[in-house]
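Visitor: For the protein sequence lines, the chains are V and B, in the order given. Under my numbering, the first sequence is numbered contiguously, ending at residue 177. Under my numbering, the second sequence is numbered contiguously, ending at residue 1137.
Keep in mind that the hints were calculated from the coordinates and are not lab data. Watch out, some of these pointers could steer you wrong.
[As the list claims (entries may be wrong)] In silico EDC-like cross-links for lysine to aspartate or glutamate, where the CA-CA straight-line distance does not exceed 16 Å:
(1) 124/V x 54/V
(2) 1130/B x 1035/B
(3) 1130/B x 110/V
(4) 1031/B x 1118/B
(5) 1124/B x 54/V
(6) 1019/B x 1033/B
Here the structure is a predicted model, which is why all the values come from computation and not from measurement.
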Amino acid sequence: MVAISNDYYYIQSSNQHYYRFGEILESSELLDLFRGRSPAHVDLHAETSVDSDDTPVLQLPYQSRFARSQSRPALHAGIVMTAMDSAMGLATMLAMEELSSLATLELRYDELRPPQDEDGIFIKSHCDSIDDGIAYLTSTASDSSGIFARAVARFILTPGSTSFMEAAMAAINGEQS
Amino acid sequence: MIPQSAIDAIPYAEQLGIKLHDTLDSGFVFKLEPESRFMGNPAIEAFHGGIICGLMDCAMTVTIMCVLEKAEPPSIINQTTSYLGSASLQSPVYVRAEITKPGRRIVGAYARAYQDNEVHLVAKCSSLFKLVERLRQ
Chain V
1 MVAISNDYYY IQSSNQHYYR FGEILESSEL LDLFRGRSPA HVDLHAETSV
51 DSDDTPVLQL PYQSRFARSQ SRPALHAGIV MTAMDSAMGL ATMLAMEELS
101 SLATLELRYD ELRPPQDEDG IFIKSHCDSI DDGIAYLTST ASDSSGIFAR
151 AVARFILTPG STSFMEAAMA AINGEQS
Chain B
1001 MIPQSAIDAI PYAEQLGIKL HDTLDSGFVF KLEPESRFMG NPAIEAFHGG
1051 IICGLMDCAM TVTIMCVLEK AEPPSIINQT TSYLGSASLQ SPVYVRAEIT
1101 KPGRRIVGAY ARAYQDNEVH LVAKCSSLFK LVERLRQ
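Take the sequences, apply the hints, and build the full model.
Guide: What follows is the structure, encoded as structure tokens:
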């Protein structure tokens, strides 16, 4: 359990419950807070939810502005990678034992096939392990026909630096970050 | 094909606002001006890593279309991106893209992203693309 800022907020990662002024925040609520605090996440117009096993799922609707070409109205790999990076960041947040800032070190994207035209996609991410400040993640992107892309990534954690979490929690309290 | 025509053919690249910055013997340099919608971490006001990923993908795609004179964007097979530093939203991001393997069906490309100093990269990546032939009528 780690105190943040002025002791109003604290987090207990071991059972994935997050507290605010004595209230319990569900992990899905926490994920929405993170999504809402990042303009790049907001611009995706994605929905974030959490599976029964606490795996974050990011659903990205088809948007023509993100198409890969005028003749191929499927989501561009760039926006798929952006969504997968975000989803893996959220998976890391949920798996952390201790509050940390995090940053992507490396991301490997493999596209098995292009997504279906005008299909929305959903992304599942999993934090395989966190060892010595490095988080190891895997992610899949699926459309209505199944998995079309996979990604693996490594994130670096910086224990003691909770800037992102503080900004998110300040927003809950209506403070300006 | 000129770079701006290639950018216009890719809605994702167009909505990002990628512009041609320089033409080199070995490829092109593209520029992305900072916008608040690109912010990943509001606490440090940096570009989202995924935006940098997408920017480099587009830079390589446009370079392939222009150098190999392809009307259709190539289809990505894979991309490995290494992040070497945070990209501040106070400055534009530049991406230098080059072709490393101009194959008949498969093309390899490389991109480097930097801000104020080309020596201090914020990210680098390499990718493989599959060329897409326009269907004959």
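Visitor: If a hint holds in the structure, say so; if it doesn't, say that too.
Guide: Checked hints:
Proximity of residue 124/V to residue 54/V is assessed by CA-CA distance (about 11 Å); at most 16 Å being required, the pair is judged to hold. About 31 Å separates the Cα atoms of residue 1130/B and residue 1035/B, which puts this hinted pair outside 16 Å; it is violated. Distance hint between residue 1130/B and residue 110/V is fulfilled; the C-alpha atoms sit about 13 Å from each other, no more than 16 Å. For the hint linking residue 1031/B to residue 1118/B, the alpha-carbon distance of about 13 Å falls within 16 Å, and the restraint holds.
Among the hinted pairs, residue 1124/B with residue 54/V is inconsistent with the structure: their alpha-carbon atoms are about 32 Å apart, more than 16 Å. At most 16 Å may separate the alpha-carbon atoms for a hinted pair to count; residue 1019/B and residue 1033/B meet this at roughly 9 Å.
Checked against the numbered hints above, the structure violates hints 2 and 5; every other hint is satisfied.
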